[in-house]
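K.L.:
Each chain is listed here by its residues.
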Amino acid sequence: MKLISIKKPAFPWFGMDIGGTLVKLVYFEPKDITAEEEQEEVDNLKSIRRYLTSNVAYGKTGIRDVHLELRNLTLCGRTGNLHFIRFPTLAMHRFIQMGRDKNFSSLHTTLCATGGGAYKFESDFRTMADLELLKLDELDCLIHGLLYVDSVGFNGHPECYYFENPSDTQNCVKRPCSLDNPFPMLLVNIGSGVSILAVYSKDNYKRVTGTSLGGGTFLGLCCLLTGCETFEEALEMASKGDSTNVDKLVKDIYGGDYERFGLQGSAVASSFGHMMSKEKRESISKEDLARATLVTITNNIGSIARMCAVNEKIERVVFVGNFLRINTVSTKLLAYAMDFWSKGQLKALFLEHEGYFGAVGALLELLKPSEEA
Amino acid sequence: MAGHAGGTKGGSNSMDKSITLPPDEIFRNLENAKRFAIDIGGSLTKLAYYSTVQHKVAKVRSFDHSVKEAEGDPLYEISVQEEITARLHFIKFENAYIGTCLDFIKDHLVNTETKVIKATGGGAYKFKDLIEKKLKLKVDKEDEMTCLIKGCNFVLKNIPHEAFVYAKHADPEFRFQNTHPDIFPYLLINIGSGVSIVKVESEDKFERIGGSSIGGGTFWGLGALLTNTKRFDELLQLASRGQHSNVDMLVKDIYGGAYESLGLTGDLIASSFGKSATTDKQFSKEDMAKSLLHMISNDIGQLACLYARLHNLSRVYFGGFFIRGHPVTMHTITYSINFFTKGEVQALFLRHEGYLGAIGAFLKGAEEDNPNQYSWGENYAGSSGLMSVSPDINPMQRARSGTFDMLEMDRLERQLVNLPLLQDPSSYVPDTVDLTEDSHAREYWLYCFEDALDGVVKRAVASQPDMPEAVDRAEKFRQKYRHKLQTLRQQPFAYGSLTVRSLLDTREHCLNEFNFPDPYSKIKQRENDMALKYYQRVVRGLEELSWEQRQFALVRGLLAGNVFDWGAKAVSDVLESDPGFGFEQAKQQLQERPWLVDAYNQWIERLKGEPHKCALFFVDNSGIDIILGVFPFVRELLIRSTQVVLASNSGPALNDVTNSELQILTERIAGMDPVIQSAVREDRLTLVQSGSSSPCLDLSRLDKVLATVVRERRTDLVVIEGMGRAIHTNYYAALSCESLKLAVIKNSWLAERLGGKIFSVVFKYEVPPKGLDQHRH
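Residue numbers (the working numbering), protein chains in the order written: chain A, 1 to 373; chain B, 1 to 777.
Derived from the structure by calculation, the hints contain no laboratory data.
Certain hints may be false.
These stretches of chain B come out as covered by chain A in the derived footprint (C-beta under 8 Å, 3 or more residues) [unchecked claim]: (1) 425–435; (2) 471–484; (3) 729–740.
As a list, the in silico DSS-like pairs of lysine-lysine whose alpha-carbon atoms are at most 25 Å apart [to be verified]: (4) A:K251 to B:K770; (5) A:K280 to B:K128; (6) A:K343 to B:K199; (7) A:K332 to A:K286; (8) B:K281 to A:K120; (9) A:K60 to B:K126; (10) B:K285 to A:K286; (11) A:K278 to B:K230; (12) B:K126 to A:K280.
In this text, all values refer to a predicted model and were calculated from it rather than measured experimentally.
C-beta: ideal position from N, C-alpha, C; glycine also.
Build out the structure end to end from the sequences listed, making use of the hints.
P.N.:
Take a look at the structure:
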């Protein structure tokens, strides 16, 4: 029995988050389609569904993260699977062209989009594909999406995890946990750049600060330093490298710990500090450079996040964003940094769907009961 | 200033360089040097030593009064004596010269008992053996950060206008800060290869509260990798020509414009190097260097703000080789701090930042001499001053290699403190006009001082008739001071804010440097003699007047006396051509009432009331001014049962009466005048030293004894007399008690500026706002 009549939006249900580097797309595939519905379903809607669900790669650069798929999800009275797809923002125009070619506008659906690209590409959607975007604030979407995914869980498992024994590399293990009582939390979203939010409730949050040293910086510098082309490639190199050949450590300067200030000899004193020397520059490997770049960016984010947590008096720090995708070097480093520098006061938490919360939040906006709808 | 051996391209640490510098110009006073300290950084060495300087000083001594002197005998004798004062020398040069410099030091180090040299900085370890071998001194390493903080405390306390804010597009680009009476607590962000963030709470209490590995080494190392450019300076130059928006992903690249709901403008960097994640494009070295510079500066600025906020600190000083006088980095750091704190915190930089480590290491070694018990003063004659490295201002600065930068600090005989009667010591600015900001005034005064130089040289020579080499020395003085004036024309900010006071003080420092300790001593003596003869007549004349008439005559006498000022060109011309120019004539010159600034009526009304408890009188010229102007005025105050403290200069400046001269004069006047005599005997009239040797007056740097006397006697009136003390300085000084500021404007340009004519009178009587605590401690 419904008190408010909810008019279900027409399929297809998409949520889109157009970031600086990546476009994140979530697609809800209804699994409870009745025969009647099936008959009524227009052809291009069917073909879209088939195209998206039967492929794991789209064009040269589109990818479906199959392992993240949320199955048997009930959304707005419908049951189905939620698919997670990403492609580079550089391919945005090709995507819009595809929308035109598939005559997407004839479906009369609302395309909910968030991220900067929702603004930047709005007129392209209109002029190229006759599509109107419903533009949504990216931080609202991020928080709503995150809370939603956490609440439904990850196919029966918790969405959230942390590292046990973060300060002990041998015994550092990933452990699931629940985010039952998530507030207040410091939410660190690492995309191309970084935004740091203090979240007090679903709708009460503030952006504390941000930094331009983010995932884009890691990849940008890696490309310049090593000639690599992709995030995967950069991470692969980083995993094999040793940053201590690039960074100057406290012990390189003081011969050991700097006791006057309680600094361990193994702490990094100067990122890329060894590279001031011509000889060392000439003998360094690409892998070491990639690793140093990763460690530098990660530690810096950790350091800013930690200061924000202390200033805002928040103990729970949740790291999200696609920088953390397949990036255990960074997640472990962040977990270590939070634990070590706060003497165990702060706890770093991570989420399995890393960079997709904005897109999920956008989709939820489409399904939100509203008077106008 | 120093000669140099050309560029240092390639292997900046090679030892085989010879330098064709005139080393005696650089390593001055080495013969008497004791206590050495050295701070060896990545590219620059800073050497510190403590030495004594033998100076000629003019001493006055009273003749024996028991013998009745013949008519025409001078009142006192002047003798030039040698005096030894302490001085700190700091020299900064490129590491390439370290070997040559150590050799020179060894050869010239005559009679030192020093066995150790204090050393700090990353290079101290590297050069340890070399130093020990060459100097035969044991290298004693000191903690770098401790030295840095010690040095920082020292310059903040002892050097006025040490700290400044930097504004690239403003004129002047440097804005100097007043010396705050309490320098603690503050945050020091040292940007070396990495970043250290240190909270300093007191002389001995500091803590490294944080840091970052992204610092100068990151800029240098990563920059070298990206651009294949070796030198730090070259990287900064590249950066200053680049466009970061070609490499960085801006908010507008993501949003198409601003992210309005968060107030993020379109030009804000969303992702540093965010556009370089591609292999299809080439990026210019300039653009990458610029992007890197922004990335690192912003990051440091952000961390600095987070720490400043957490510890609730608003004074944040930046130092380290990343900053060191580079306008490019000072600008990006300033920008970042402004952005992240929305103007709540200002980024502060230090004029002598490069010397902090050396100063601190030196102080560590000199602890037994208690250097912190003394006050020190920057010697303008021996210090190089702040150079602009901005290529627009100083195209030569880029080729700075091979130059030697120097800083000299004189140990002052007296410990200097604030006048306890300042309304707000932290906002007190002694100088009336900041010539760094006022370019018209700057032009005029620089011209004026240059124009007066011939006369000063002439007088200096004339003051030492028995010394034939005085002509040579005077010529050297002329060259030195003219060079300073030329430097200041180019870089008015070289020694902090340029003011008439700093121009005068620089001249005094240069005169002292060439052993002209007191060019006016004979003139002062003659004038004192002459004026004394008239004292009794003047006093008698005043006594015949009615009370009202007498008060006016006293003020006019004070003002007329103040016309006799050799510092003012208009007057020195008259005095030079017409030595008989007398007291009465001076009165004729005075402007008739109403004066330019005329609070006389209020003053008279005040005099009809309760007498003041104690008046502090900052006196000015010798001769007629002090004897026929000030003393009768003081006499009247004493009769009203107001105690009087006469504050005069500790050392000579122009024809200003010095404390030792004033003692003799007072003695003589007491001999003639029972009022003065009993006041001296009963300690109702006291003489104190100001602690200064300047024709101007800085009320934030006064002899500690003066401050004590002022407090003990519950001083409720301050009288400041003369152009130097009441017009060029202190015209706007707000005191917590009543004050009289009076002067005759003896400079037509200045008179015109104030809206009057030459010999206009300023008579300013000020009463502090009611409710102000008159005796704050």
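K.L.:
Are the Cα atoms of K332 of chain A and K286 of chain A separated by 25 Å or less?
P.N.:
holds, 22 Å
K.L.:
Are K251 of chain A and K770 of chain B close enough, with their CA atoms no more than 25 Å apart?
P.N.:
Roughly 62 Å separates the two Cα atoms, so the pair is violated.
K.L.:
At least three residues with a C-beta closer than 8 Å to a C-beta of chain A: is that true for the segment 471–484 of chain B?
P.N.:
violated (count 0)
K.L.:
Does K199 of chain B lie within 25 Å of K343 of chain A when you go C-alpha to C-alpha?
P.N.:
Given pair K343 of chain A, K199 of chain B holds - Cα atoms ~20 Å apart, limit 25 Å.
K.L.:
Taking beta carbons only, do three or more residues of the segment 729–740 of chain B come closer than 8 Å to chain A?
P.N.:
That given contact is violated, which follows from only 0 residues of the segment 729–740 of chain B lying within Cβ reach (below 8 Å) of chain A.
K.L.:
Mind taking a look at whether chain A covers the segment 425–435 of chain B? Criterion is 3 or more residues with CB to CB distance under 8 Å.
P.N.:
This one is violated; 0 residues, fewer than the three required, reach chain A with a Cβ under 8 Å.
K.L.:
Below or equal to 25 Å on CA atoms is what counts here, so check K126 of chain B against K280 of chain A.
P.N.:
With Cα atoms ~18 Å apart, K126 of chain B and K280 of chain A stay inside 25 Å; holds.
K.L.:
If you draw a straight line from the CA of K281 of chain B to the CA of K120 of chain A, is it 25 Å or shorter?
P.N.:
holds, 22 Å
K.L.:
Could you grab the alpha-carbon distance between K60 of chain A and K126 of chain B and see if it respects the 25 Å cut-off?
P.N.:
violated, 55 Å
K.L.:
Given the hint that K278 of chain A pairs with K230 of chain B, does the C-alpha gap stay at or below 25 Å?
P.N.:
holds, 8 Å
K.L.:
Compare the distance between the alpha carbons of K280 of chain A and K128 of chain B with 25 Å, and conclude whether the hinted pair is satisfied.
P.N.:
holds, 24 Å
K.L.:
For a C-alpha distance cap of 25 Å, please report whether K285 of chain B and K286 of chain A respect it.
P.N.:
holds, 20 Å
Hints 1, 2, 3, 4, 9 from the list above are not met by this structure, while the remaining hints are.
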